[in-house]
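Following the hints, complete the assembly by docking chains B and C onto the known chain A.
Residue numbers (our numbering), protein chains in the order written: chain A, 1 to 339; chain B, 340 to 678; chain C, 679 to 1017.
Everything labelled a hint here was simulated from the structure, so no lab data went into it. Each residue gets a CB set at the ideal place from its N, CA and C atoms; glycine is no exception. Be aware that a few hints might be false.
The list that follows gives simulated cross-link-like pairs (lysine to aspartate or glutamate, EDC-like), each with its CA atoms no further than 20 Å apart [claimed, not checked]:
1) K1004/C to E807/C
2) K905/C to E868/C
3) K566/B to E634/B
4) K87/A to D499/B
5) K765/C to D160/A
6) K630/B to E591/B
7) K665/B to D521/B
8) K1004/C to E895/C
9) K426/B to D838/C
Examples of chain A residues lying across from chain B (beta carbon under 7 Å, computed) [unchecked claim]:
10) M47
11) Y69
12) H70
13) G86
14) L92
Simulated coverage check for chain C against chain B, where a stretch passes if three residues somewhere in it have a Cβ under 8 Å from a Cβ of chain B [as the list claims (entries may be wrong)]:
15) 832-845
16) 869-880
17) 983-994
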Amino acid sequence: MEHFLRNRWYQYGFSHELADTPLTRTIIDMPLVAFRTNTDVSILLDMCPHRFAPLSTGRVDDGRIICGYHGLAFDGAGHCAANPHGKITTALRVRSFPAVERHGALWVWMGEAALADPALIPDLSFIDETPGTARIHFTIAIRASYRLVTDNLLDLSHADYLHPDTLGGVMTGVRPTVIDTDNGVAVEWENRNVVPPPRFRERVPATQRANAWTRAEWQAPAIMLIKTALTQSGRDRSREDEVWALHSMTPESAGSTHYFVCGTRRDRMDDVEYSARLRAMLQHAFEQEDKPMLEDQQRRIGMADPDSLRPILLSIDAGAALARRKLNRLIAQEQVADA
Amino acid sequence: MEHFLRNRWYQYGFSHELADTPLTRTIIDMPLVAFRTNTDVSILLDMCPHRFAPLSTGRVDDGRIICGYHGLAFDGAGHCAANPHGKITTALRVRSFPAVERHGALWVWMGEAALADPALIPDLSFIDETPGTARIHFTIAIRASYRLVTDNLLDLSHADYLHPDTLGGVMTGVRPTVIDTDNGVAVEWENRNVVPPPRFRERVPATQRANAWTRAEWQAPAIMLIKTALTQSGRDRSREDEVWALHSMTPESAGSTHYFVCGTRRDRMDDVEYSARLRAMLQHAFEQEDKPMLEDQQRRIGMADPDSLRPILLSIDAGAALARRKLNRLIAQEQVADA
Amino acid sequence: MEHFLRNRWYQYGFSHELADTPLTRTIIDMPLVAFRTNTDVSILLDMCPHRFAPLSTGRVDDGRIICGYHGLAFDGAGHCAANPHGKITTALRVRSFPAVERHGALWVWMGEAALADPALIPDLSFIDETPGTARIHFTIAIRASYRLVTDNLLDLSHADYLHPDTLGGVMTGVRPTVIDTDNGVAVEWENRNVVPPPRFRERVPATQRANAWTRAEWQAPAIMLIKTALTQSGRDRSREDEVWALHSMTPESAGSTHYFVCGTRRDRMDDVEYSARLRAMLQHAFEQEDKPMLEDQQRRIGMADPDSLRPILLSIDAGAALARRKLNRLIAQEQVADA
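Excised from the complex, chain A in its bound form:
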């Protein structure tokens, strides 16, 4: 059985995914339900303690979630707030999970509640600083381990082969720089005088040459920030050129992942048609190319630990290998602490 890092914040979803109706998601094999209370967001085990019906099949009323089977109501802390059939006992309680809404996203803490410090949520203020018209969101269900999704993003050379019509063409031949950061791993690629990939051709036309820069920053367990810039050759890169994107790989189970992406840009920030074009392009790359490849990989690997199958590592895998070692060490430490 695979162990996961539990005392961390995992992205549960995006804020805009949770409106008036409850939002269910299974995280690390736990069926959960999120709903809005009057002041906050709550995440509970999606299972009524009475007869095990999913609370999510009920409705939310005045900040309480009401089971659709026999009408028991629970507040955001999981305490029974109404029992139409008798007394409220302390046993009528649902497990609640620490939940925070920040940076346009919902975060859940899967470990010991006492350790759930919101300060540990990664700083993604670049999302807050970007108007909605310049953001692109994806929520993609992938039937593959979050580890394979992470590996995919820490070795972006795959873009040249898997995404030749959108993002690829500027990675192969560049030796990535791998940086052991305080709280994770960063990998950086820089390539000069390249043909601009289609994704950037509205900024640098295909007839010109460009400098390509990408930096992927990972932190445990499964959060990445990917920064990309393509600038016309000869021009210096500024922050305005940079496209920053959050990539969250929240494990649903050992073999499936909720993959959340929030891309932001600094150019033509109110051009929603440009956003729509970019979104369609990236959707093709993520849903039609990455997702099937990751699922194919997972099918080949089955439920084995990929490392046990002794993959032949290449130089391009250095970043992913370092991140994996760090993650394994953190998980082992948590297991020891729990024992």
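Showing chains B and C alone in chain A's frame:
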């Protein structure tokens, strides 16, 4: 592995489901086939002893079922009646299960054949006494344990939450009377001066008040008779007011159930359009509300014994809890007798 | 776990199934990919040694297969031929399986490569001698063991019951002759003065009587040649009357089979409309009748060894039983040799 009560009659289906072609059903993990012989109904293991082909893929001719693979014919007792390829040996025999057609239904005995006394079939003569125009039948496949379906019906307070647009609104707040009967458990609800639920509004308009009475009678392993009446406030209840319905929960496997319902009424007995309206209403309740809820519950519970998950029982669960204890005791007794 | 005969040629597919794009097939639980090199056919494990992506999701270029994930190229022997990210090491190698193209089919050797002698491929030169216009091909996926498909073909009496509208009507009552051949088992049926089955009515009209002759030749592990002839009563049978068909049952897994059929005839050899009519007729028999029956059988048997369920064997099973004993002996010998 779950144990079932075997020396009992289980409902195999309704009479009208079995015409000229064989009717297959898996009961307690046994693939079975029913067919009509010249005088009777037969139920055999649906597996030819020659090459294990399902007999049901063949055809019935002159009261024999003929395997579609190599033409072996078997009579209603499971003995080979024709072998086009050679001699009939005593080994050419299919296991047969005691079968009876009664009360518009087919019954099968899943235990020791010598004990299969038709007198043990529950008395459902109310079905025979009701013309077909005043009967409503359902055969619903539910991917949940027959125990969950039973619990659902022994705590009808769920109607107020799960079926608000059809049956609900008259249960909550009524303390049910639980009766330990000779051969099972009965639960009774009585409520006065209620708004008539939609199901009964053609008898008592929504503008008036009514008295609601419901009695659910369970007997092991999985037969229930539910009697309901709604009468205008101030008027006494007569047998003509009562709606009687058979609810059979035949286990297909540990996690799936054949749910059979036969509802009967005494008013407007030849009004087939009224029957059709009632049928549509109940179909919505049973197939669109009960079935998904029961399957959701089962998914949460998985293959665990629900009791092992320590549900928090409420007062409304008293009837279901008593029935469960009785059923468990009967199963344990049968296991001891078998040992 | 089921053991298979490994040091044998299995049919991988038909030549016409493999064009410019790779052809994937799982054989005995091994995911494989076939592709054409400049001179030959190659079959590799369909899994890149780098990150376990299926090579088949890539493309073939100049006789090499290029992984679609990171661009590694492998030649027909499974050696890395190009690594865009660095050096080619000897570890960058994919397992290759001996492969031969012969008799319009692709053959793969699933055992020890040193033993892979193409002379062991069954002689099917009748296929080469038949023009394409007089051949009929089928590739049918069957979710049943190759052993059940073999049994099906070694007892062709089933045609009378399962294929009454195409092939049946001439088997029942004929005692088949079972011949223990050098390298397998042959079963022969001969019947005189029969009504021609629909399949042959363009040769002998239904109003006339015919002699029917069929010979099924099996060799381990899963190759059969079925020869049939229907001649007008009173006329001698010549080679021109005979319809010869290859039936290959290549195990995909313990419970699923790639069933390949190549039928040939000697009459009206350039009549492609006749071919189309025959094809439609046989497709109905194989895909709508045999396949569901075999899958039904398999569902009843589950993952048990059919012999362990003690089937009641009839005289018609003599050929299949002998073939099964021979196959089991060969498998046991191979297991001993491997130990």
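Here's how the hints hold up against the structure:
no. : hint              : in the structure
1   : K1004/C to E807/C : 31 Å, violated
2   : K905/C to E868/C  : 12 Å, holds
3   : K566/B to E634/B  : 25 Å, violated
4   : K87/A to D499/B   : 18 Å, holds
5   : K765/C to D160/A  : 18 Å, holds
6   : K630/B to E591/B  : 15 Å, holds
7   : K665/B to D521/B  : 11 Å, holds
8   : K1004/C to E895/C : 14 Å, holds
9   : K426/B to D838/C  : 18 Å, holds
10  : M47               : 5 Å, holds
11  : Y69               : 6 Å, holds
12  : H70               : 6 Å, holds
13  : G86               : 5 Å, holds
14  : L92               : 6 Å, holds
15  : 832-845           : holds (count 6)
16  : 869-880           : violated (count 0)
17  : 983-994           : holds (count 8)
Checked against the numbered hints given earlier, this structure breaks hints 1, 3 and 16; the rest are met.
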